[in-house]
Every structure is written in C-alpha cells, then in structure tokens.
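S.K.: Here is what each chain is made of, one letter per residue.
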Amino acid sequence: MSAPLLEVVGLSKGFPIRGGLFGAVRGEVKAVNDVNFKLAKGEVFGLAGESGSGKSTIARMILGLTELSAGAILFEGVDLSLNANAAARGRAVQMVFQNPGSSLNPRRSIGQSIAVPLVARGLRAAEMGTRITRLLDMVQLPSAFRDRYPHELSGGQKQRVAIARALAVEPRLIVLDEPTSALDVSVQAKIIELLMELGGSLGLTYIFISHDLSLMRNFASRIGILYLGRLVEIGATRALFETPAHPYTQSLLAAIPVISAAEEALKPKVDVVEGEIPSPANQPPGCAFHTRCPRAFAPCARTMPAFTDLGEGHSARCHLLSSPAP
Amino acid sequence: MSDAPLLSVRDLSVDFTRYGRASHVLRDVSLDVPARRHVALVGESGCGKSVTMRAIMGILATPPARITSGQIVFDDQDLLAMTGRQREALRGTAMSMVFQDPMTSLNPVFTIGDQMGTILKYADRRLGRPRGGAGRRARIHEVLGQVRMPDPERIARSYPIMLSGGMRQRVLIAMALLSEPRLLIADEPGTALDVTTQAQILKLLKDLVEDRGLALLMITHNLGVVREAADYVYVMYAGSVVEHAPAAELFANPSHPYTRALIDCVPKLSGDTTFRGIDGSLPDYAAPPPGCRFAPRCALAGADCQQPPPDRKVGADHFAACWRVAEAAS
Chain D
1 MSAPLLEVVG LSKGFPIRGG LFGAVRGEVK AVNDVNFKLA KGEVFGLAGE
51 SGSGKSTIAR MILGLTELSA GAILFEGVDL SLNANAAARG RAVQMVFQNP
101 GSSLNPRRSI GQSIAVPLVA RGLRAAEMGT RITRLLDMVQ LPSAFRDRYP
151 HELSGGQKQR VAIARALAVE PRLIVLDEPT SALDVSVQAK IIELLMELGG
201 SLGLTYIFIS HDLSLMRNFA SRIGILYLGR LVEIGATRAL FETPAHPYTQ
251 SLLAAIPVIS AAEEALKPKV DVVEGEIPSP ANQPPGCAFH TRCPRAFAPC
301 ARTMPAFTDL GEGHSARCHL LSSPAP
Chain U
1001 MSDAPLLSVR DLSVDFTRYG RASHVLRDVS LDVPARRHVA LVGESGCGKS
1051 VTMRAIMGIL ATPPARITSG QIVFDDQDLL AMTGRQREAL RGTAMSMVFQ
1101 DPMTSLNPVF TIGDQMGTIL KYADRRLGRP RGGAGRRARI HEVLGQVRMP
1151 DPERIARSYP IMLSGGMRQR VLIAMALLSE PRLLIADEPG TALDVTTQAQ
1201 ILKLLKDLVE DRGLALLMIT HNLGVVREAA DYVYVMYAGS VVEHAPAAEL
1251 FANPSHPYTR ALIDCVPKLS GDTTFRGIDG SLPDYAAPPP GCRFAPRCAL
1301 AGADCQQPPP DRKVGADHFA ACWRVAEAAS
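Residue numbers (the numbering used here), protein chains in the order written: chain D, 1 to 326; chain U, 1001 to 1330.
For reference, chain D alone in the conformation it holds in the complex (with noise of 0.2 Å):
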C-alpha cells in the first residue's frame, strides 16, 4: 500500500459507568479497544459487527463528534484527534448518516440544507446558487429541488440530498454510517451505484459502516470486522468472504439470509452462534467471543490472541490459528 490517506492507530474509546448517590465512577464500557487499520485512497472500506461492536463510535471519533480515550487518526499525517485541526478535519472528512428522514431539518428547503456547509466555508452568495444546482446535478436531481422540502421527497431522494450536502466541501473521505438500511432493495441499489460513481470520478475514499454483509461484498474493496469493540478480522473483501478465519466471521458469514442455492453454498458450513453479544460493560476475559465460540479452547479464557497474518493484508486474531487447539 502507498501512503495511507487515512490511519488510525490504537484508537480507544471508554465511556465512564456512574452510580452511587454523588454519581461516583465505577467502572468503564470499553465500546472500542486499541482498533488500528490503514485506508489507501480510492478504498471502500467496510466496517461490519453487530450493535454494539463499535462500529458507530469508531465513525464519531474520525469526525471528531466524540473524543477519543487513546489513539491517534491520522489524516494524511495530521493527527484530526486534536482540537487544533478541527477545521482540517471538517474539510476533509463528511458523514452521510442512516436515517434520511431525521438528518435533514424538515424547516428547510433542500437549497437552504445543501448551503449550510457552503456558508459556513465562506462562498460567495452569488456563486451559492450555482454550486447548488451542480452538487444537485451530482446525486442526479433536478436542480428545481432545492426550493422542496424534505416531506415532499422519497427516503431514496433525501438520502441523495444528504449525499449532496456530504459532497459541498468537496471532503476526500465519506463516512457512510448504514446508508441504506432504512431504504428498499430496488432504491438501496441506486444509491449504491451512484456512490460507487461519485467515489470513482471525484476520487473519493469511503468508510462503510453496515450489519448488511452482502452489500459489503459488492460495495467494499476492504472489510474489517469488530466484536465487542476489537477488530477481529481484516482483509480484502473476497479473502475475507471466501477464507474467513474467525470464528465470529464464519458464523456471521453464516447467518446471511440468501436467495439462492448457489449463494447457500458459499456461506461457510457453521452453525451460527447462540445468544447474543455480551455488554461491553462487562467484557469476557481473554478473546471476547470465546463465551459464544464453538471452537474455544483453554488458552481463549485466558489471553486475548494476537493478529495472525494470513498473507495479502488478510489477519485475524484467534488463538486457533497462531496454536492448533489439542
């Protein structure tokens, strides 16, 4: 890989457990744990676990919308963690988030919401209206759209708004927190295209947040999956798909609902695991996944495995790949 454009290293974050009657600290939600990867430019990389993996906090903390514990997210070299590079950091990365309906202020015409981030970066109000119509034009909407509001568009049509109003400062990196799961298939597949085009002509790197693996797996070019606030697996999407090594991938592999036999027999021949991810305020000792993980041996109570490298940039970290359990 050439310079990363974006790497983030030892990135931690814990949130404080209160209680008593003064509200006394008693302990810590580790929601992530020393979570380190490398973007190139140009990469789509997916972030994939269930609720409360991490996946959203990690994204707050690379648009500084939460403060990180430990860490550093560097952005071509400069740390975005510290308050001085705040301005940098609004430049150079945008978030489209899940929900359309909530993220656009309904009191706005789709003009006046695309031209928040446009004012608050100084241009000019005679140059406003044709920088509208052209970010309108870049998410293929009619430019008489900015004078509706959001109530009269499709869920489909405000999360292209979104994606304009993403696009306004012209960022290098998108974070795509679930874009897609409030949308239907046939809507999900264009908004889709359209990312997948706007990132190949303007050159831009995403982070894809998503619990939907098969859309990871068209969309993707690099996937990283979290349980319980540690990156467990990371690799190129087809390595990842098609050798899953975790325990955790290959049941979460395993879960997919499919439509056809053909896709039945790629999905790795697991069980899928039972009950459901542990608070992460209360973390198993040693790998967190070995209460839920058919495989566990002793050493998994114990220690938490280190990464094995599996080659091409894939690695996951499980004890039965660094020692074959007995």
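In short, the hints are calculated from the structure, not lab data. Heads up, some of the hints might be wrong.
Incomplete in silico selection of chain D near chain U, CB under 10 Å [to be verified]:
id : residue
1  : Ala3
2  : Leu5
3  : Glu7
4  : Asn218
5  : Pro257
Each residue gets a CB set at the ideal place from its N, CA and C atoms; glycine is no exception.
Use these hints to put chain U onto chain D, whose structure you have.
M.R.: Just chain U now, kept in the frame of chain D:
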C-alpha cells in the same frame, strides 16, 4: 394446499379517503394461510402489506379506510360479516400478532410479567375462562420457556430495558402465544436485529409452526428471510399480489417481471453479479394504472397490459399475474 386453509382472503379491495380524495390501495388481494404452514407476504414499503395485515386483524382504521369488496374467512367464519365485538373476541385469542419493533413495542415502566399478565387476563376474560394470579404466572413462565428464554421467572420480573433486542423480540412472540392462537401474524420479525439474532428468531418461528401446528403469516421486505424461512410466498406490488409460489420454486423460477427485478436488486454473496435498482416509483394510488400496476415501470409492458392481468399458472402451485409471463420467463 389441499384442505381448507385456516385463513383465506378473497379479492380484498381497500380504498382510503382523505380530504374527499379516494386512493385505491388494495386491489383484489387473495391469499391463503393453512395450518402448519409459514406463509410470507413480501413487498417494498408502500405496497400494501401492512394494510392487508391490518384488514385481517381487524385493526384497520375505518374511515379513512373502507373495504370495498372481498372476503376474509378465518376458520370457516366470514370475518367481515362479524360485529366489532365478535372480531375483538378473536383478536389476541385465536389470531394474534407479533409487532415489528422490539425496542418500542414494550412499555418501559412495567415488568415483562406485568405486561404479559394484563394481556392474559383480558384474553382469558374474552374466552370466559377465568384464571387466578398463580395460574397466570405459571402460564407466563410456560410461554417464556416455549420461546426458549433461559430462566423465565427472572425474565418475568425484568423490565424491558434489562433485556437485549433479541430477548425483547422473544418476549413479543411469547405475548402473542399466551392464549394459544391458531394464526400468528408477524410483522417483519427480527429485521431490526443483528443477523445472528435474526437467524435464531426465524428458527424459533419455524419450530413453532412445526411443533405447535401454528399458521404463520409473515410480513417482510427481506427476500433472503423469505427464502430461508417461508414455505409459501406472496409477492405484492402496489396493492396487488403479482406472484405466488412455494418459496423454493419462486426463487428458482421467478416469473413476474417485478419479482425478477426485485431479486436482481438484492446484493449477492458471490459479489460478481452487478445488482441494479428499479427505475421509477410506485404509482399514485389515487389514479393507479388501469391494468397491471407495474406496467409503467416494466420493460416488457405493451398495449394488453392496460387490462388487469389474469392470474396465470406457471408451475405447480405457482401463479403470476402478468400478460407477458411467457416473455418474462425467457
């Protein structure tokens, strides 16, 4: 489906009137749900799945809605000919519903046991079989066990916030099972949950259908869930059933152009097929196309599609409402 189905909807049409303007939402919807079968009604938002479900349950707000024609037969009784009181007696007893959102369908200030107790008390009253507090508690623990909750006594004492999403979904299923219904209608079960949890919920529903002989009507937008869980599928588009078939047959041999387009939209695990959307949007229900409602978005549409399409047989128990079904299949 040989013997008479437990639930049979025949040519159901529903209009909605708002500000004096009528919308023709459901048009001639027919579907059957036999006992011991898991039937799915699949379609995108706005296709009329929820209106169908509400009409069956008798919880459609009339007005604005008006059932203009059709029949809903449950256990040889014509539901639409019943009085409101008679229908109320069926609801929550013989036919029961599992709501969609496990996060918001439970009251946060009462324990699970309290909420289930209230439901059971009213169901018992309607069935005229009073049961004491201890009997109710025993029944609640029994049903929580049936949905495979560990430690039912503890769950009954818990507040919703103490339970995970998957457990809350199980509680909602348990609530629907309290009065031993024969028909269960599940609205998007498990779709708000993670895939591994969703798989567990679908397995539970499957076992309930098989072990307890329930008739299950599942409303969903997720085709993957349909293929994995359902026996028989109805595909809805813009208020009409466009295709129905056994689940395996539908995915092996989709025949209606809408079904085929919808299947093409689903991202595939192989990653090598380019998935595409469907151009255009749902028709305006106030002035729907006169014939096939999918015609304005259909690549195969022609002059004959201006007439309502017949339900054509395309295979064993497999029908598609399309004039061009032969062309669509090629």
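S.K.: Just to be careful: measuring from the Cβ of Pro257/D to every Cβ in chain U, is the smallest value less than 10 Å?
M.R.: Nearest chain U Cβ about 3 Å off; hint holds.
S.K.: Against chain U, is Glu7/D within 10 Å by beta-carbon distance?
M.R.: violated (27 Å)
S.K.: Verify the interface restraint on Ala3/D: the C-beta must sit less than 10 Å from at least one C-beta of chain U.
M.R.: Status violated, d = 28 Å.
S.K.: Does the CB of Leu5/D sit less than 10 Å away from some CB of chain U?
M.R.: Where the cut-off is 10 Å and the nearest Cβ of chain U is about 24 Å from Leu5/D, the hint is violated.
S.K.: Please check whether Asn218/D passes as an interface residue: C-beta within 10 Å of a C-beta belonging to chain U.
M.R.: Hint holds; Asn218/D Cβ to chain U Cβ min 5 Å, cut 10 Å.
Figure legend: structure checked against the earlier numbered hints; hints not met, in rising order: 1, 2 and 3.
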